[in-house]
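Peer 1: Here is how the chains run, residue by residue.
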Amino acid sequence: MKSLIKILVVAVVFVSVSCKKDSAPNYQFMPNMYESEGYETYGEAAFPNGLEAQLPAEGSVARGYIPFDIDNTTAGYELAKTTLVSTLDSTQVDLDRGKALYDIYCGICHGNKGDGQGKLVKREKILGIPSYDDAGRAITVGSIYHTIYYGKNAMGSYANQLNEEERWQVVAYVLKLKSDLEK
Amino acid sequence: MEKVIHRKLGKNILHLGLIILLAFTTSLSAQEGDPAKGKALFNANCAACHQLDKKMTGPALRHVEQRLSDDQGLDRDWIYAWIRNSAGVIKSGDAYANKVYNEYAGAAMTAFPQLSDDDLNNILAYTAEEKAAPVAAVASTESTTAKSSEGGISNELILGALAILFILLAVGLYVVNKTLRRFALAQNIELTEATQRTPLWKAFVKNQFLMLVTAIFFLLASAYFAFGYFMQIGIDQGYEPVQPIHYSHRIHAGDNGIDCKYCHSSARVSKTSGIPSLNVCMNCHKSIYEVAPETLAEGKAIGVDYNAEIQKLYAAVGWDDAEQKYTGDSQPVKWVRIHNLPDFVYFNHSQHVSVAGVECQTCHGPVEEMEVMYQHAPLTMGWCIECHRTTNVNVEDNAYYTKIHEELSKKYGVDKLTAAQMGGLECGKCHY
Numbered sequence: 001m002k003s004l005i006k007i008l009v010v011a012v013v014f015v016s017v018s019c020k021k022d023s024a025p026n027y028q029f030m031p032n033m034y035e036s037e038g039y040e041t042y043g044e045a046a047f048p049n050g051l052e053a054q055l056p057a058e059g060s061v062a063r064g065y066i067p068f069d070i071d072n073t074t075a076g077y078e079l080a081k082t083t084l085v086s087t088l089d090s091t092q093v094d095l096d097r098g099k100a101l102y103d104i105y106c107g108i109c110h111g112n113k114g115d116g117q118g119k120l121v122k123r124e125k126i127l128g129i130p131s132y133d134d135a136g137r138a139i140t141v142g143s144i145y146h147t148i149y150y151g152k153n154a155m156g157s158y159a160n161q162l163n164e165e166e167r168w169q170v171v172a173y174v175l176k177l178k179s180d181l182e183k
Numbered sequence: 184m185e186k187v188i189h190r191k192l193g194k195n196i197l198h199l200g201l202i203i204l205l206a207f208t209t210s211l212s213a214q215e216g217d218p219a220k221g222k223a224l225f226n227a228n229c230a231a232c233h234q235l236d237k238k239m240t241g242p243a244l245r246h247v248e249q250r251l252s253d254d255q256g257l258d259r260d261w262i263y264a265w266i267r268n269s270a271g272v273i274k275s276g277d278a279y280a281n282k283v284y285n286e287y288a289g290a291a292m293t294a295f296p297q298l299s300d301d302d303l304n305n306i307l308a309y310t311a312e313e314k315a316a317p318v319a320a321v322a323s324t325e326s327t328t329a330k331s332s333e334g335g336i337s338n339e340l341i342l343g344a345l346a347i348l349f350i351l352l353a354v355g356l357y358v359v360n361k362t363l364r365r366f367a368l369a370q371n372i373e374l375t376e377a378t379q380r381t382p383l384w385k386a387f388v389k390n391q392f393l394m395l396v397t398a399i400f401f402l403l404a405s406a407y408f409a410f411g412y413f414m415q416i417g418i419d420q421g422y423e424p425v426q427p428i429h430y431s432h433r434i435h436a437g438d439n440g441i442d443c444k445y446c447h448s449s450a451r452v453s454k455t456s457g458i459p460s461l462n463v464c465m466n467c468h469k470s471i472y473e474v475a476p477e478t479l480a481e482g483k484a485i486g487v488d489y490n491a492e493i494q495k496l497y498a499a500v501g502w503d504d505a506e507q508k509y510t511g512d513s514q515p516v517k518w519v520r521i522h523n524l525p526d527f528v529y530f531n532h533s534q535h536v537s538v539a540g541v542e543c544q545t546c547h548g549p550v551e552e553m554e555v556m557y558q559h560a561p562l563t564m565g566w567c568i569e570c571h572r573t574t575n576v577n578v579e580d581n582a583y584y585t586k587i588h589e590e591l592s593k594k595y596g597v598d599k600l601t602a603a604q605m606g607g608l609e610c611g612k613c614h615y
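Heads up: the sequence lines are chains A and B, in that order.
Number 169 in our numbering belongs to position 169 of the first sequence; there are no gaps in the numbering.
Number 480 in our numbering belongs to position 297 of the second sequence; there are no gaps in the numbering.
Hints are supplied without guarantee of correctness; some may be wrong.
To be verified - Below, computed lysine-lysine pairings styled on DSBU-like, alpha-carbon distance capped at 30 Å: (1) A/LYS81 x B/LYS508; (2) A/LYS122 x B/LYS220; (3) B/LYS222 x B/LYS314; (4) A/LYS113 x B/LYS220; (5) A/LYS99 x A/LYS122; (6) A/LYS119 x B/LYS483; (7) B/LYS508 x A/LYS119; (8) A/LYS125 x B/LYS508; (9) A/LYS125 x B/LYS389; (10) B/LYS314 x B/LYS586.
The set of hints was computed from the structure by calculation and includes no laboratory data.
Quantities reported herein were computed from a predicted structural model and do not represent experimental measurements.
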């Protein structure tokens, strides 16, 4: 009889262990020490749309943010192409960082050499990526920045993945790739 | 004589045919271009904005020449002019050029002055091809289903054969036993019957020492399992929730080799690694509106329709694929968070990703092979400490801290400092 109870105990433990499902989170000892009282990143919140991740209030400007005055239009693109110049001087340009960022965000389509032969192009997932030395486009400092900022045609904007300084680093690296291709 | 004439005649006809064929093919290539070369050119130059059968940034281009000449009365020279310098054609006041320009919301087509007449003919020949029926896709899916069903049949066959063999053996043994007994009976050999003894379990229960040992064994075993159960409470290793959109890290990070930080860009600069907002998905999925037939078949094999998942993305982000514009009607995707540290622990991604240069896979496991994302590491304190104790910090080329690194090295008498030696075990670093 005694051993029967013990067997039962073991069986219960076994069953409760095997009850743990991978599709549901596990039990916690003291949930109120685990769960945050404050809103967690990307969590739900008591805002009208139920999201913690809210857009900044209209008209607010982040510290250090410099507005970009040129429009997302063809005319704006042409304006940037001819007039916009980098805010980095030659000592601030860090091609190593530019390359690291370029390889992450641009190289997947444009190719790590800038020849339009990224991995997605080679695998025929995305087609028609131009090489940076394309004569018809004749990209410049300003046009590269404008394209990164707003995107162009099928390319999306990268303004949320790269901050202003990083964008200019990437622009500097793209210009280096372009001059390498034109050699 | 007759035979000779006949042979000559045949030869002549053959020659004539050859000449006609040659003339025909040359004239064809002179006017029409080579669709194969055209395809390569199209993919390299045009496909960023145009597809054959689907509106993208620019209009669909199948039979574009035919349509232009039938509907607008525009000839090939107009197409040449448009491709080489569309802005010029628009500026010249051409009615149709301006209409198209305005229809596509002023998206200016890049000029392609480098394309020769031959190149353009090749491209136009490619656009003039009839749409190929999706034979390949059907065939490939069929072959895969056939393969899988074949595998099932052969497995079942083998199992069935084994079962039959087993039954035959059992029957054989029984028959042999029976005949032997009959022989023994026939030859008057006495068969010893098993003598009646006390059953084993009764003897076991009567033996108090054995009972004590068993009791202790069971107690220890239950303590072991109870301890194991309580130790895994609060640990979500292997947690693999079903996400609202089936996102395959295997395809994105593995097959296509997209860097983790492409989507999780804030891991470089912030505490949170960041769930990419849907505009990051749309960077590629604006162009990739369906997966390749092989990928689709792969997905079907595991019960996922990747194309339907892309449609879920479009619905969430509010993208009208047919019209190629955002409807403005979007809804947030309720991703299920997998890696979640307790509230009393501070963890910063940028410190590990950008400063320490730790690979994402060190903690998150082989994400590039995961069809469904799961938690690879236990994320316990012991696991953190273990890594801090064994990981050497890269202190080279960091002039600002050279002095303190040297002092620490002297203090601990080591060449290479671990994260723990630099204060990576202090309570207040993570708990405050």
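Peer 1: If a hint holds in the structure, say so; if it does not, say that too.
Peer 2: Results for each hint:
1. A/LYS81 x B/LYS508: holds, 26 Å
2. A/LYS122 x B/LYS220: holds, 17 Å
3. B/LYS222 x B/LYS314: holds, 13 Å
4. A/LYS113 x B/LYS220: Holds, at roughly 24 Å.
5. A/LYS99 x A/LYS122: holds, 20 Å
6. A/LYS119 x B/LYS483: holds, 25 Å
7. B/LYS508 x A/LYS119: holds, 27 Å
8. A/LYS125 x B/LYS508: Satisfied, since the Cα-Cα distance of roughly 21 Å is no more than 30 Å.
9. A/LYS125 x B/LYS389: Violated, at roughly 76 Å.
10. B/LYS314 x B/LYS586: violated, 70 Å
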